[in-house]
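With these hints in hand, go ahead and build the complete structure from the sequences.
2 protein chains.
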Amino acid sequence: VPKISEERKTERREQILAGARRCFAQNGYEGATVARLETEIGLSRGAIFNYFGSKEDLFVALAVQDSARMSETFVEHGLEGVVREIVELDPDWLSVYLELFRRVRTDESFHRKIEDSQRAGAAVERNRARIEEGQRTGELRSDLEPKQIGAFLNLVLNGLALARAGGEEPPEVELVLDLLGDAIGGGARRDTRPRTPA
Amino acid sequence: VPKISEERKTERREQILAGARRCFAQNGYEGATVARLETEIGLSRGAIFNYFGSKEDLFVALAVQDSARMSETFVEHGLEGVVREIVELDPDWLSVYLELFRRVRTDESFHRKIEDSQRAGAAVERNRARIEEGQRTGELRSDLEPKQIGAFLNLVLNGLALARAGGEEPPEVELVLDLLGDAIGGGARRDTRPRTPA
Chain A
1 VPKISEERKT ERREQILAGA RRCFAQNGYE GATVARLETE IGLSRGAIFN YFGSKEDLFV
61 ALAVQDSARM SETFVEHGLE GVVREIVELD PDWLSVYLEL FRRVRTDESF HRKIEDSQRA
121 GAAVERNRAR IEEGQRTGEL RSDLEPKQIG AFLNLVLNGL ALARAGGEEP PEVELVLDLL
181 GDAIGGGARR DTRPRTPA
Chain B
1001 VPKISEERKT ERREQILAGA RRCFAQNGYE GATVARLETE IGLSRGAIFN YFGSKEDLFV
1061 ALAVQDSARM SETFVEHGLE GVVREIVELD PDWLSVYLEL FRRVRTDESF HRKIEDSQRA
1121 GAAVERNRAR IEEGQRTGEL RSDLEPKQIG AFLNLVLNGL ALARAGGEEP PEVELVLDLL
1181 GDAIGGGARR DTRPRTPA
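Same order as they appear, the protein sequences are chains A and B. Residue 1 is where the first sequence starts when you use this note's numbering, and the numbers rise one by one after that. Residue 1001 is where the second sequence starts when you use this note's numbering, and the numbers rise one by one after that.
Keep in mind the hints are simulated off the structure, nothing from the lab. Values in this document were obtained by computation on a predicted structure and should not be read as measured data. Just so you know, even glycine gets a beta-carbon here, dropped at the ideal spot from N, CA and C. Some clues are possibly wrong.
As the list claims (entries may be wrong) - Listed below are several chain A residues computed to face chain B (Cβ distance under 8 Å; list not exhaustive): (1) 70; (2) 73; (3) 89; (4) 91; (5) 93; (6) 101; (7) 102; (8) 148; (9) 151; (10) 154; (11) 155; (12) 156; (13) 159; (14) 160; (15) 167; (16) 186.
Claimed, not checked - Within a straight-line C-alpha distance of at most 25 Å, the following computed DMTMM-like cross-link-like pairs (lysine to aspartate or glutamate) qualify: (17) 1055(B) to 1108(B); (18) 55(A) to 76(A); (19) 1113(B) to 92(A); (20) 1147(B) to 30(A); (21) 55(A) to 1168(B); (22) 147(A) to 178(A); (23) 1055(B) to 172(A); (24) 1147(B) to 1080(B); (25) 55(A) to 116(A); (26) 147(A) to 1169(B); (27) 147(A) to 115(A); (28) 147(A) to 1172(B); (29) 113(A) to 1108(B); (30) 147(A) to 1178(B); (31) 1147(B) to 115(A); (32) 147(A) to 1085(B).
Spelled out as structure tokens, the structure:
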């Protein structure tokens, strides 16, 4: 029996993730039965779970893909890039996250699995480095810790994602960018009062 | 048969809503079966659905209660009040909202029911009036439309609620208040460039 090449394995992994993403978005996480995953992915359960141990693992891998892509956008295009990207996300897919929020909070092993995978993806470090770069170039205010800037940015991005998931019209991107800029941009709080980091 | 007094009716309505809130929080919306609602509320399904037509109506009434309370806090205690209130909300109850987000977006009649009830509650008008007052007193910036200020505030509050629902440590309240102040507070954007409302 010829071995499957690495390239073929990567392709298959991508095929599985893309199909699982569509299937979760269409049916919700609970509604994405193994039978539906098989149909949407076009592979048997044996083949699918050979690559990803469980449905949970499939979701975690997709969440890591998302963080990686969002981080790439932030690194390359800054605040404006991520804000524009988030208001274009698929509401059906965002709803899958919402469906799993309770589980993240109440299921310790699921929580740890997500945290470990996110850590392995290193998006947090890349985002932090990008914030520091923004502070050096004057794009972002430099009187706060990068962590504080990231935390506030996250609030706003999560608020946008939530509006999008609920089918609401999110506020205008230009407005969000202006006010985000006033809060964490390089021109914010030009006074010289020292700010004690939390 | 003696009629139930209005006062007794109001009491009973409150009893039903409080029990339903606990039941939804403990079991999730889907998990809150009619049998569980009966146990938690302490009334028969006949009595419960005599006051609220359906489980959906129970949730809608609770959501209206929430908006009314949040609006009251905003009117009385401004930005600081709502930010402090939101980070103290019960994560179990917040998760019920997340569970229903997909339905709000995909079920037109449910969406309309929520919108109509919120409108009847008039929280939006009270919030708007409070923003205008804040603009007059200098607490909030006056170079934006009240609607724009409200939209940005909503993003941040929703982001906080989401962090809370997921069991994350939300950013420090003081930091959020400082940056919110820089974005929409009276001292924001002190320059005199005119800003065209969207």
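To see whether the hints hold, each was checked on the structure:
1. Against a cut-off of 8 Å between C-beta atoms, the interface hint on residue 70(A) is violated, since the closest Cβ of chain B lies about 15 Å away.
2. Because the beta carbon of residue 73(A) sits about 18 Å from the nearest beta carbon in chain B, more than 8 Å, this interface hint is broken.
3. The interface hint given for residue 89(A) is violated, since its Cβ lies 13 Å from the closest Cβ of chain B, which is over the 8 Å cut-off.
4. Proximity of residue 91(A) to chain B holds as hinted, the smallest CB-CB distance being about 6 Å (cut-off 8 Å).
5. Here the hint on residue 93(A) is broken, as its CB sits about 11 Å from the closest CB of chain B, past 8 Å.
6. Annotation: residue 101(A) was flagged as interfacial toward chain B, and the flag holds, the nearest CB pair being 5 Å apart, inside 8 Å.
7. Annotation: residue 102(A) was flagged as interfacial toward chain B, and the flag holds, the nearest CB pair being 4 Å apart, inside 8 Å.
8. Contact between residue 148(A) and chain B, as hinted, is supported at the beta carbon level, the nearest pair being about 6 Å apart and thus within 8 Å.
9. For residue 151(A), the interface hint holds, the least distance from its beta-carbon to any beta-carbon of chain B being 4 Å, beneath 8 Å.
10. With a cut of 8 Å, the hint placing residue 154(A) at the interface with chain B holds, because the nearest CB-to-CB distance is about 7 Å.
11. Taking 8 Å as the C-beta contact cut-off toward chain B, the hint placing residue 155(A) at the interface holds, the least distance being around 3 Å.
12. Contact between residue 156(A) and chain B, as hinted, is supported at the beta carbon level, the nearest pair being about 5 Å apart and thus within 8 Å.
13. Against a cut-off of 8 Å between C-beta atoms, the interface hint on residue 159(A) holds, since the closest Cβ of chain B lies about 3 Å away.
14. Hint status for residue 160(A): holds, given a least beta-carbon distance of 6 Å to chain B, under 8 Å.
15. At a threshold of 8 Å, the smallest CB-CB gap from residue 167(A) to chain B is about 3 Å, leaving the interface hint in force.
16. The interface hint given for residue 186(A) is broken, as the beta carbon of that residue sits about 12 Å from the closest beta carbon of chain B, more than 8 Å.
17. Using a Cα cut-off of 25 Å, the hinted pair residue 1055(B) and residue 1108(B) holds, with the two alpha carbons roughly 17 Å apart.
18. Distance restraint check for residue 55(A) and residue 76(A): the Cα-Cα separation of roughly 32 Å exceeds the 25 Å cut-off, and the hinted pair is therefore not satisfied.
19. Only pairs whose Cα atoms come within 25 Å are accepted, and residue 1113(B) paired with residue 92(A) is accepted, the gap being roughly 21 Å.
20. Among the hinted pairs, residue 1147(B) with residue 30(A) is inconsistent with the structure: their alpha-carbon atoms are about 37 Å apart, more than 25 Å.
21. Of the supplied pair hints, the one linking residue 55(A) and residue 1168(B) holds, its CA atoms being roughly 23 Å apart against a limit of 25 Å.
22. Between residue 147(A) and residue 178(A) the alpha-carbon distance is near 21 Å, which keeps this suggested pair within the 25 Å criterion.
23. Between residue 1055(B) and residue 172(A), the direct Cα distance comes to roughly 35 Å. Violation of the 25 Å bound is thereby established for this hinted pair.
24. For the hint pairing residue 1147(B) with residue 1080(B), the CA-to-CA distance comes to about 19 Å; that is within 25 Å, so the pair holds.
25. For the given pair, residue 55(A) sits about 17 Å from residue 116(A) by alpha-carbon distance, which is consistent with the 25 Å threshold.
26. Annotation: proposed proximity of residue 147(A) to residue 1169(B) holds, straight-line Cα distance about 13 Å (limit 25 Å).
27. Taken as a hint, the residue 147(A) and residue 115(A) pair is honoured in the structure, with Cα atoms around 17 Å apart against an allowance of 25 Å.
28. Proximity of residue 147(A) to residue 1172(B) is assessed by CA-CA distance (about 11 Å); at most 25 Å being required, the pair is judged to hold.
29. Between residue 113(A) and residue 1108(B), the direct Cα distance comes to roughly 36 Å. Violation of the 25 Å bound is thereby established for this hinted pair.
30. With a C-alpha separation of about 15 Å, the suggested pairing of residue 147(A) with residue 1178(B) holds against the 25 Å cut-off.
31. Our distance criterion of 25 Å between C-alpha atoms is broken by residue 1147(B) and residue 115(A), whose separation comes to about 37 Å.
32. For a cut-off of 25 Å, the pair hint linking residue 147(A) to residue 1085(B) stands: about 23 Å separates their Cα positions.
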